[in-house]
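Protein chains in written order, with the numbering used here: chain A, 1 to 202; chain B, 203 to 406; chain C, 407 to 598; chain D, 599 to 744; chain E, 745 to 1068; chain F, 1069 to 1348; chain G, 1349 to 1787.
By construction, these hints were calculated from the structure, which means they are not laboratory data.
Some clues are possibly wrong.
Result set (DSSO-like, lysine-lysine): computed pairs, CA atoms no more than 27 Å apart in a straight line [unchecked claim]:
1. Lys645(D) <-> Lys439(C)
2. Lys46(A) <-> Lys573(C)
3. Lys1478(G) <-> Lys1399(G)
4. Lys300(B) <-> Lys112(A)
5. Lys325(B) <-> Lys6(A)
6. Lys6(A) <-> Lys499(C)
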Amino acid sequence: MSLSSKMILSLTCVGLISSGFLAGVGIWTKDKIAFNVQQEIEQAIKTVVPGTAVSEKLYEERAFAVYAGKTEDGSLVGYAVYASGSGFQDTITMMFGTDIEVKKLTRLTILKQTETPGLGANIEKEDLFLKFWEDRDIRTILTLHKPAASSPNELTPTEINTITGATISSESVLKIVNLSLEKLREKIKHGGLLGGREKDGN
Amino acid sequence: MATKTLSAEYVKGLWDENPVFRQLLGLCPTLAVTNAVINGIAMGLATTFVLLLSSLVVSLIKKVIPNQVRIASYIVIIACFVTVADLFLQAFFYPISKALGPYVPLIVVNCVILGRQEAFSSKNSVGRSMIDALGMSTGFVLALLLLSSVREILGAGTFLGIQVLGSWFKPWIIMLLPAGAFIAFGLLLGLALLIESKTQKRRA
Amino acid sequence: MELLALFISAILINNFVLYYFLGICPFLGVSKKLDSAISMGLAVTFVMTITAVISWMINNWILIPYNIGYLQTVAFILVIASLVQLVEMFIRKMSPPLYQALGIYLPLITTNCAIMGLALLAARKYYTFFEAVVFGTGSGIGFTLAIVLMAGIREQLDLADVPEPLKGAGIALIVAGIMALAFTGFSGMIKL
Amino acid sequence: MQDSGLVISARNKLAEVEVQCFTACQKCSVKNLCIGQSQSKGLLSAKNPIHAQPGNTVSLEIPETQYNKSLILLFGTFLLAALLGMAAGHFSAALFSLPTPATSILGLFLGLFVSGFWLFRFFRNKNNDRLFPVITSIINEGGHHG
Amino acid sequence: MTDKALLLESSPHFRDQDSVPKIMYAVILSLFPAVLASIYFFRWRALLLYACCIVGGLVTEALFLWIRKKPMNSLWDGSVIITGLLLAMTLPPELSLDSAVIGAVVAVGLGKHVFGGLGHNIFNPALVGRAFLQTAFPVAMTTWTAPAALSVDAVTFATPLGNLKFDAALLEGTLTPVKDLFWGNVGGSLGETSAIALLIGAAFLFYKKAIDWKIPAGIILSLTVFTGIFWLIRPDTYATPLFHLMAGGMILGAFFMATDMVTSPITPRGTWIYALGIGLLVGLIRLFGGLAEGVMFSILFMNMFVPLLNRFSRPRILGEGRGK
Amino acid sequence: MSFLIPVLTMTVLSLLFSTGLVIAYKKLKVEEDPKIEAVNEALPQANCAACGFSGCRAFAEAVVKGTAESNGCPVGGNDVAAEVAEILGVSAGTVLQRVARLHCRGTKEAAASRGLYLGVTTCAASHIIGGNKQCSYGCMGYGDCVLSCQFDAMEMGEDGLPVVIEENCTACGKCVEACPRGLYELHPIEQNIFVYCRSLDGPKTSRKFCKNACIACGICARACPEQIIMENNLAVIRDYKNIDPEKIPAIEKCPTNAIGRFKIEEIEMDERNEAETNAG
Amino acid sequence: MKIKTFPRGTHPPEQKSLTAGSPLESMPPPEKVFIPLHQHFGSPAKAIVQKGDEVLLGQKIGEATALFSADVHASVSGKVLAVDGYNHPLGKPVLAVSIANNGEDRPDPGISGTENPLSLEPEAIRTKVKEAGIVGLGGAGFPTAVKLSPPKDKPIDTVIINGCECEPLLNADYRLLIEFADHVLQGAELVRIATGADRIIIGIEDNKKDAFALFKDKTLDSQIEIVLLKTKYPQGAEKNLISALLDRKVPKGGLPFDVGVVVQNVGTAKAIWDAVKTGRPLYERALTVSGSGVNNPKNLIVRIGTLFKDVLEFCGGQENDANILVMGGPMMGLSQWTSDVPVIKGTSGILSWQTDPPFFVHTCIQCARCVGHCPMNLVPTRLMKYAKNDHIKEAEDWGILDCVECGCCQYICPAGIPLVHWIRLGKNNVMIEKRKKSA
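One chain only, chain A, in its complex shape (with noise of 0.2 Å):
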């Protein structure tokens, strides 16, 4: 046969057993992979919402997610709100719980962020930053307390401590957290949150 179509045979064989290997791999791995995904987002609703046996996602979007956290028998505990935007160098993604009326904000967690390390990367330590973010009230909007406060219990419920010199990046993580309560109140008033998919197209 002509060397044209030895050329074609030969390449389009080599692709079909590279992708039927491709394929095998593919679905042995596949639900692994599923696996540790969901395991990472199942951990972060557990540390976010205390006392959450099993989740279940409700509402989400491209940059925006909310979960169920319920105990065994089923009653709903409080939402984990996944959401992500940008900070002082990259995006910044984290998850944080509310109660069920959603009135206080129990805890938060950063999932990832590519902030300057030693400075901006401080938000995922837990004595720096983390720890302030305990239990906030936020009915109202949650205000940056200026110069970094030591200890809590110098704080007011509505108050979040900074990261002394990373302030840029502490204020992003405030912004993201004030705009996703204000998400997340909008879709329970509309009853969105029925574990509706709404694909958001493009």
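Please arrange chains B, C, D, E, F and G on chain A, whose structure you already have, making use of the hints.
Frame of chain A, contents of chains B, C, D, E, F and G only:
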């Protein structure tokens, strides 16, 4: 081509033709992931995995593939192995794969692998190209190890997570940033050339 | 407004070469002469924009609906190779002397981490169509800015007596490091 | 930029000269990966004002600035056409409420097609002789072409 | 007839008395008022920092000259002392001495000698040192203390620019008055605080014609225009141009850092573009950027453009082009 | 089902790609002879064009095509010639070993200097304003030739003149171009008789300028009239091959020994052991 | 009256006061003269006398071999000693005719003057000038006959007489202006007739106020314009003088012809008048012997071929700590390694002074002062670097061939870099490349 002994084939990958320091190939991942030694080693091993397997397959099928389609089929094979490596990392070492981010699939465009296939594996027997691939990848891993240890020790004062320098040392955060990567690699490259020229003078 | 922020951040803050480390091979190789750097930069920007569009199409219309996300790498590299193949054939027909000169650039682009990196990053960040295009073009312009600046600096360094072992790639890397330092001045610019 | 090569054949105005593949990155061992041009040596057709004969080694003057200018023009127009096409597609989609990404992609390909056509004609009839390398001098006669 | 050996050299046999060491020492002299002011404000710390930076620089210079077997004269021509002084003046007073030495080593080594010694570097050495320190020790480099004269014992003390950006001083009216900025008893790095001392030094430099007037003029012009526009639109959120001129490292940057001859363009048109660019970037970073102090980064950024400016703004030769 | 879709997409993509390649293949076809690569591998890659070709690769092609002999690479010398010949299966010819020789003995003490030279210290620059020696034809000693030699076969002697290290010298001719006063010539290594001067000054001035200069006295020309002639105040050797050895002592009577054998010390040495052998 | 000038340039210390006052004194001819056949500009002349001939004062001893060459005349009467190589101020020995002076100074009878030179035909003036072997005395040595016959397609409308002696220390032209004002004016008139121009401008620097006043009242009736120029170096350079007086730009690589101007030096104008009026060839010229190294500096009229040694002897010899001897002005003159060199037609001055060998040469710190002072608006530091690193093409693009080597950049450079020397090396390499390419 003067046929070198098998051991010479392996050793040349380590220093004389070290892909990173001498041929300046595959710099994208080298600079990107070496901010921690664990990441460096992971990337090195992933590249070794892909390089070995693709060398094996390429040297096996080199007679079957017509000359013109040669490069395209190599790309498909390498891409397939890279995806396998990526999936494997995501499945079993999820935190490392998250840390390496987009750079694992980027091995497919890494000149080291494509270069070795084109220049070497497509011309030599299976055994020899395997040794060469092994040599090249060990050279690559060593280079990554060297750069990532320099950057981690200076940048965070730790090596593989263990605190190495005492508490007196204030870590140079710049070494974890892209700027530090460039400067450290540039200086290391200069050092390598200096040593090379010194040994050259003594040998000549 | 958010697209503009993404555009500026792709050029200045998360510059493709100086922050994501993509496209270092041509960045060190081609930046010896200024006009070849400019033409290389423009070529890369064009190929990036088209790749951004096509990779978005493949990703959002084929890979995600049939959730075979793991085929991303293979699909993208094949698309990029055939895209460059197309451009090369077009130029060969159009003007043979130009094709002679271009013989070296196009393969350099295909084996270029920047193009592949762009496709992967856009896919990973689940960008919408317009965000992907803006990100592609912005990164292309960022790449061109970096490579043109580097070409200007290296031409001036040609006249300086750089220490022997650092000549060539060594000094280029150190200059790139200091450029990265200068670019960190813009971080934190976009305010959402 | 000066380069040199061996004349293979010399027709009336043009001569075919064999030149080493003058790649930018000599180091990168993948340099002969040029898809579709897999030899490491290129065949250049160059203008032959001094009527060099096959077998001579000649020095060529390669109009590199000319190449770069036309490359910038080529890719610049392509880029511009792509962006304009997309913008046009987007606005027309907004006007006739068509699904936005599809139309702008259509606009993109339309823009590319039009600019490709225009560039084709532009480069075709501008009888781009300025782009051809010029044989400047004969380095050594060399025997008959072997 | 004299049998003495006669001198042989190419045509011009006269030479102006000015020389590179003279220029360098003129610049050092012009820095003196600011050095004295900083010692007055920050007492011991200032002296120690100056000493560390200068000694660190000299040792690195000597080391590099020895390695590259070059004559030692450029050790005494004052260029290293200027780099040391300028670097020290941009450091916060409470910076630990070892990081100051590291900064000096990087400034002279990485900033100058890697490029091939005096005259070949692309970036201003002092700024390379400071940028390295700012990125290497971000926390240490952004903790300011009150000048001793102000006798405020607060551990950390925001610089005027710091509280403008992060503490929204403009809204709460706690913006430091321009008068303090002028005299200098405000927080900030060593040499930047007192504008009057710097201006005296700058006047001396103009008199000695050691700097090109176009650079400071261009910077001040473009900064005032840029910040002025935004100040006119929304006076409550953006500070007055005068404040921006007097605050932070503006004067030190415009008169001493940007005018460093080695890293500024050599053609008149190029110098104008360079200067206007710096002013614009400072305005951009200060109003919209994430950092309080933009002068250092904008000068480094424009240093990158200098080779391009030199190449594309070649003056037209007498008789070239269409002029009849 | 989820197995079929990836395979399907992959085949479509690779099909598309391979057709593109086929069309590309149809356009470009140039064959290349693998021997050229082998010969090029053996060459020293100095690309100095001493073999008359633009570079080693061009020379390799010419050798394979037969338009150049296998020993045409002076830089490589005999071992490269042997290797190339062995690749081509041709008999290796011996290479005419040539070496660069400086035609000036104006050392620091011998040649009077013009004065304190303050201009740019390269040969080319000082030549423009007349040089630092009273003799305006002699070697200025600023080492342009040493810099131009890429086989480091040359160093600067203490007496201010460059010394050629014969083993490394590959007669590539770079130093001949580099010297602004043309004092270098490539001579076959066996040649032993040289005129170490290029000065065209008359008898009066050349003696004043330099003790080792050729003062055009004509003794050597009279001693061997056919081979050595006097051309505007300078002795010139027309062809060194058939200078018969007996006449050499007569030629060496030159008052300033501007003409003579290359290494005077060695000559005495081998004369002595010559005497011993025929004595013993 | 606004004082005209050109942009940039420098102000080196004038030190003209040393010999400004002393009038021109003609030096008695020496015992031996060495007249080089080599022309400063153009191919050398061919000797038409041999050893042992008897020659008279002003007799032609060298024939011009090409258009760009000039005849050479004996400056003393006596016996020809030899025709062989002799030192030359340009550094390399050249063919020279050495004549022993027999002291009679008998003029060559063949020399014949004309009654009213101003009525001569332009062609006649040009032949007279060519026979007298007159070349530009400003230092360039361009054959004047060629300058007086501009090509047909380039009409000449202005003749400029360059009276601004911008080189420090030199006063020869200034003394000529004062003592031979009429000769200069009539010489200028001759040049106007020869070139067919319609106006004459005489530019004088404002440090020669008395000469300016003298010329002002001498030209009250005639329409010769006398223009005062600001004292600045290099005011006397052709391109800068034209752009200052007529605001015309001589095109890049072009000649004053292209903008319709002919520039003549004051000395050349007087020599033209002498040649046409009395037929006397150019065998002597005015020059200044000055500088702190000369015991009593003078302005002299010296015979061509006299050795510098004899001229310095006549001026009381050199101080023993003087360590530099320069032919021409300090800014564009050539440093000599021996005083055993003859005076040539281009020697406008012999200077000697004590200067300390310069300090350590620094690398260029890109202070751009040279860019600010270069009269041709070039970038000397960049040209130096291109020449040093052998970037021939870039050097040519940046206009290295337009450099007039006036020396302002090297004068002002704080790092003491020999910029002009590097640029001359660069020009040399560029010309070699051009010849190689065109060969």
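Task: Hint numbers not upheld by this structure, sorted from lowest to highest - done: The structure breaks only hint 2.
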